[in-house]
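Using the supplied hints, reconstruct the complex from the two chains, each of which is provided in its own coordinate frame.
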Amino acid sequence: MADAAIAARTASTRSRTGYGSISRDRRWALRWSYFFLVLFAIFFLLPPLYMLITSLKSSAEISAATNPWWVYSPTLSNYIELLTQNQYLTFFRNSAIVSVFVVVITMSISVIAAFALARMRFWGSATLATGVFLTYLVPETLLFIPLFKMFAWVNETFDIQLMNHWWTLMILYPTLTVPFATWIMIGYFASIPKELDEAALIDGASWMQTLTKIFIPVALPGIIAATIFTFTVAWAQFLYPLAFTTSTTELVLPVGIVTTLIKGDVFNWGQIMTGALLGAAPPLIIYAFLMDYYIAGLTAGATKG
Amino acid sequence: MAQVTLRKVIKKYDEVLAVRGIDLDITDKEFIVLVGPSGCGKSTTLRMIAGLEEISDGDIAIGGHVVNDVPPKDRDIAMVFQNYALYPHMNVYENMSFGLKLKRTPKDEIDRRVKQAAQILDITELLDRKPKQLSGGQRQRVAMGRAIVRDPKVFLFDEPLSNLDAKLRVQMRTEIKKVHQKVRTTTVYVTHDQVEAMTLADRVVVMNAGLIEQVGSPNDLYHSPATKFVAGFIGSPAMNFIPCHLEQAAGALRVRLSDTLAFPVPADRTARYTSHVGKANLILGLRPEHIIETRPHIEPNQHDFENVIDVVEPMGMETLVYFTIAGAEICGRVNPNAGATAGKPMKLRADLSNMHMIDDGTGKVL
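For the protein sequence lines, the chains are S and P, in the order given.
For what it's worth, the numbering used here labels the leading residue of the first sequence as 1, then goes sequentially.
For what it's worth, the numbering used here labels the leading residue of the second sequence as 306, then goes sequentially.
Looking at chain P on its own, in the form it has when it is part of the complex (with noise of 0.2 Å):
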C-alpha cells in the first residue's frame, strides 16, 4: 500500500510562500497529476513529496508513514527529471541499476530486473550504450527505467516530456500511460501541460499560486470547473469569458451580455442564480464548442444570434470563429462548412445548457 497524504504542506523560501498549505489524499495506484502555469508551486509540492525540498510547516506521509524527516533515499521513491539526468559516464545498463547496486543487491537480481524494466520500455539493444549516443526519447525511457527497477513505492515525474518535440511527446505520453497500466505504482506526475494532465491522470490537481484550485477526474475539471481559474486554465482553446448581468424579465431569469443580447437561463439552473440578479462582476463561461453555427433544428436552452466574425481560423475538422460581444473576444468551433467569412456577419448558436457563471469578485463559479 503507497497512499500519498500532505496535510497543510507549506514551503518558505526566505520570506516568499511558494505553497501555502495543501491537503491531498493520494490513493494506492493512482495515477495523479500536478498541473498549473509556472511558480505555481507544484514542482516545489513534488520535490517536497521526494524529499529533494525540506517542508517548513505541514506533513507528508508515504504508505502511511511521516516522511517530514526522512532523507530521500529511504522514502522509497523514484523520480524523472525534465531534463533525464542520466548519468553521463555510465551506459544504460550502469544507469538503471546504479540504485540497486547501492543498496547491494545481488548481481543476478539486479540483471533480472534491469532486463524486465528494459523490455517494458523496449530498450533492450541500447543497455551498452552511453547517455549520450541516445536520443531524447530513449534518454527519457531510460530515466523512466531507472525509476521502474527500483520497484519504489511511489514514482515521481517532474515535466518528463517537456523537453522532447511535440510528435514524440505524444508518443511518450502514451508509453508512459502503458506503463503504469502494466506497473501500478502510484504516481505523481508535474506538468504545465493541461492536455497532457487530461490524457494522463486519474484525478487531476489543478494548482495556482501555491494553492490548490480544485481536485477531480478530467471530466469533472472540464465540465465542473469550481473557479475561474481551473475553467479558463482547462481546454483548448480555453472557456470564453463574458461579462454580463443576470435580470428578471417577465418572470424569467436572463443573462444580458450587451444592450441588444441577451439569453434565458435554462430552467435546471435559475434557482441557483436567483440570488444573484443585478450583482455587478459577473461572468459567463462558455466553451468554444457550445458556440456553434446555426442549424435548422433546435435543442432546448439553444439560442441563435448574429455578429460580426472578425477571425476566422480553419483547423481541419472544424473551424475557429473570433469576434467581440461588448468588448469581450469570443472563439466558437462550427463546422468548416458553415461559411465562416472575416469581416461578414454569421448567424451562430449558442447553447446555455453548459454554461456556467462566474463571480469575478470571488473567482468562484456559482
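Bound-form chain S, shown alone (with noise of 0.2 Å):
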C-alpha cells in the first residue's frame, strides 16, 4: 500500500520534470533577459555604430542623400586630416594630462580620506561621511558660478590668474571626483573586516602601515573601481572647460571637437564622429584592462567566508 503510494509520488514527479515547474521558470526568465539585453545592447551599441561608418565617409558621401548605414567608397581621410592637426593633438594631450593627475590627485584624498571616515572613530566622523556624500549631490552646473567668483577672487587677491589654462582643469575636476571616489572608497574600506585592522594594530602596524599594507591591496577592486570612475568623469567633463578655457590651446577633448569641428552653422560631421570615436577609445582600454580586477573579489578568505 506505501510502495504503491510512494511509487505514484515518485512517477508523478518524474513526469513534472518534464515541463518542471523550476527548469521552465528558469528557461522562461533566460528567454527574457536575452530579449531585454539584445534590446538595449542594440540602443547603446546603434550611436557608436553609426559614428564608426560616419567617420569612414567622406563629406560629399554624408550629404549625399543615400542609404545612412552604409558606406559606399570607405576612406581614411577624416582621421588623417584630424591626426596631423596640431590642433586635435594639443586637445588630446591636454585631456590625458588633466585626467591622470586628476586621476592622482582624486585617489590620494580619497584613499586617505575614506580610511579615516571609515576606519578611525572620531568625534564627528559619521557626520563628515555623510557631508562627503551630499557634495557630490550638488551638480556641476550650480558650482560652477561660485567657482568663477573664486577665481576672480584669486585673481583679484593674489593676482593668480586661473582663467583659461588647462591645468586650471586639474583644481577643478577633483571637486566632482573626490567626494564620489571617497563614497565609493568608504563602502569598500566598511566592508573589509574589523578584526582585520585589529590584527594589525596588534601585529604593531601604525595607522599609515594598516593603510598601506593591509587596506589598499585588499580594497584594490574598490581602488580599481574608484579610479576608473575618476578617469572617465575628468575625461568626458564637458561643462567646467566649457566654462573656463576658451583659447584652442587650452581646451580638452569633448569641448576642442565641439568649438573647432562646429564653425558657425558648418558641422563637419565626419571628422566630429572620427574625434569623438577616437576620444572614446581611452577609456574603453582601461575598462578592457581592468574590468577583470574590477569584478574579482579579493576579501575571499580573509575570514570565515
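It cannot be assumed that every hint is accurate.
Unchecked claim - Computed list of lysine to aspartate or glutamate pairs in DMTMM-like fashion (alpha-carbon distance at most 25 Å, straight line):
no., chain 1, residue 1, chain 2, residue 2
1, S, 213, P, 399
2, P, 482, P, 333
3, S, 194, P, 381
Said to hold, decoys possible - Incomplete in silico selection of chain P near chain S, CB under 8 Å:
no., residue
4, 357
5, 382
6, 384
7, 390
8, 392
9, 394
10, 398
11, 403
12, 408
To be clear, the hints were calculated from the coordinates, so they are not data collected in a lab.
Predicted model, so just to flag it, every value in this text is computed and none were measured.
Every residue gets a Cβ at the ideal spot worked out from N, C-alpha and C, and that includes glycine.
What follows is the structure in C-alpha cells.
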C-alpha cells in the first residue's frame, strides 16, 4: 500500500520534471533576459556604430542622399586630417594630462580620507562621511558660478589668473570626483572585517602601515573601480572646460571637438565623428584591461567566508 | 613573568555599562577561560586587555606594568580572532611574519621562528598558500601560528573555535591545549561554550551581566558553584532547579519539594541550612547525574521515589529522563537498561550528598 503510494508519487514527480516548474521558470527568465539584453545592446551600440560608419565617409558622401547605414566608398581621410592637425593632438594631450593628474590627486585624497572616515572613529566622523556624499549631490551646473567668483577673488587678491588654463581643470575636476571616490572607498573599506585592522594593530602596524600594507591591497578592486570612475568623469567632463577655458591651446577633447569642428552653422560631421570615436577609445581600453580586477573580489579568504 | 591583573575595570558605552568593575589576577603561564552568555562582557574584557577598547575606569597591568594607555602593539600580546582575521593578500608565511617584519626582526630570525611555529602547528607544507586556499581548521592554525611567532607575554583568544564544525572544534580544542603545554604562555581565552571552558582552563572565570560570578578550577565550579547562575551555566544537561522549602520534622531537617515528596537533608549540611527553615524562595539544585534509577544497594543520603516519566532521551551510554515535580521540569540520568518509558511511572533515586541549596532572592548558593 505504502510502496504503491510512493511509486505513484515518484512517477508523478518524474513526469513533472519534463516541464518541471523550476526549470521552466528558469528557461523563461533566460529568454526574457536575452530579449532585453539584446534590445539594450542594440539601443546603446547603434550610436557608436553610426559614428564609425560616418567617420569612414567623405563629406560629399555624408551629405549625399544615400543609405546612411552603408559606406559606399570608405576613406580614412577624416582620420588622417584630424591626426595631422596639431590642434586635435593638443586637445588629446591636454585631456590625457588633466585626466591622469585628476586620477592621481583624487585617489590620493579619497583613499586616505575614506580610511579615516571608515576606520578611525573620531568625533563627527559619521556626519563628515554623510557630508562628503551630500557635496556629491550638488550639481556641477550650480557649482561653476561660485567657482567663477572664487577664481575672480584669487585673481584680485593674489594676482594669479586661473581662468583659461588647462591645468586649472586639475584643481576643478576633483571637486566632482573626490566626494564620489571617497564615498565608494568608504563603502569598500567598511566591508573589510574590523578584525583585520585590529590584527594589524596588535601586530604592531601604525595607521599608515595598516592602510598601505593591509587596506590598499585588500581593497584593490574598490580602488580600481574608483579610479575608472574618476578617469571617466575627468575625460568626459564638458561643462567646466567649456566655462573655464577658451583659447584653442587650452581646450580639452570634448570641448575642443565641439568648438573647433563646428564653425558657425557648418558641421564637419566626418571629423566630429572621428574625433569623438578616437576620444572614446582611452576609457574603453582602460575598462577592458581593468574589468577583471573590477569584478574580482580579493577579500575572499580573509575571514570565515 | 607575565601575570595579568585587572583592578576594578569598568567599560561604559555611552550610558551602558558593559563591564561593571571586575577584579582578576591571572598568574604567569596560566590558562584562563572567560565564559558566559552573549553580552556578559567577556569579549569586552579581553579586548580591553588587548588594548582594542579603552577602559572607562580601573587598571589593567601586564607583567607588573599598568598598560591602561599603552597601545596594543606595545603591550606584547598576541590575539587570535573568531574569524581568524588573516591578511587575504599574503600567504601563510607572510601572514605569520608580518608582525616580526614590522618590528624589524632580522630575516633569518623571522625564518627560524616561522618555521618553528609551523612545525608546532603542523602547517609547514601550507606556508606558501593564500588564506582562501585553506580550510577553516587550517586558517585557525595559521592564526595561532601568527600569535606564536611573536613570542608574546600573553595570548588572547576570542572565541577561536566558534566558526568550526563540531568535530573540528573538539580536535582544535585538544590542539590548543597541546600548544599551551608546549609554549606555556599566559593565556586568556574567551568562549560561550562551557564545555570548551571546562576542558581547556586551569581556572574558569564565569561572567554574567558585566560582573564576575565566580573564579575557580573547572572542578570547583562544577561541584561547588557559588551562585545559581554558575550552577545553571556549568554542566550539560543543566542542573535541576526545584522550588522547595526546609522544614524541621521530628528533630530532623527535611527539604520538602511537594506535598507528597520530602527528603532528609544530609547530616553534614543540617548546621548550614537550619537558619533557613521556613524561608520562601528556596531552590534545591541537583545535577541530573544525582537522579538515577533505583538500585538494590542504597548508599547514605540516597532516597527512592516514584514519578511518571514525561520524555525519554536515549544517549547510548545513558538515558536522560524528564519528569515534573510540583511544576518544575527535572532531568535524570538513568541506566539505558533501567526500562524508562514515557508516560509510565518509574522508581528513581535522588542522591542528596551533592545537593545545593539556593536562595532565589539573592541568587547565592547557601
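Double-check residue 394/P for me: the hint is only fine if its C-beta lies closer than 8 Å to a C-beta in chain S. holds (4 Å)
Taking only the CA atoms, is the gap from residue 482/P to residue 333/P under or equal to 25 Å? Holds, at about 16 Å.
Should the hint that residue 382/P touches chain S count as held when the rule is a Cβ pair under 8 Å? holds (7 Å)
Closer than 8 Å between Cβ atoms is the bar; does residue 403/P clear it against chain S? Give me holds or violated. Holds. Min distance 5 Å.
Hey, does the residue 392/P contact hint survive, CB to chain S under 8 Å? Since chain S brings a Cβ to about 6 Å from residue 392/P, closer than 8 Å, the hint holds.
Between residue 213/S and residue 399/P, is the straight-line Cα distance small enough, at 25 Å or below? Roughly 11 Å separates the two Cα atoms, so the pair holds.
Hint residue 390/P vs chain S: min CB-CB distance below 8 Å? With a minimum Cβ separation of about 4 Å from chain S (threshold 8 Å), the hint on residue 390/P holds.
Decide if the proposed pair is consistent with the structure: residue 194/S and residue 381/P, CA atoms, cutoff 25 Å inclusive. holds (21 Å)
Does the CB of residue 398/P sit less than 8 Å away from some CB of chain S? violated (14 Å)
Is the hint on residue 408/P kept, meaning its closest Cβ partner in chain S is under 8 Å away? holds (6 Å)
Restraint satisfaction for residue 357/P [CB to CB of chain S, less than 8 Å]: holds (5 Å)
Holds or violated: the hint that residue 384/P contacts chain S, with Cβ atoms closer than 8 Å. Constraint on residue 384/P satisfied, holds at 5 Å.
In the structure shown, a violation is registered for the earlier hint numbered 10 alone.
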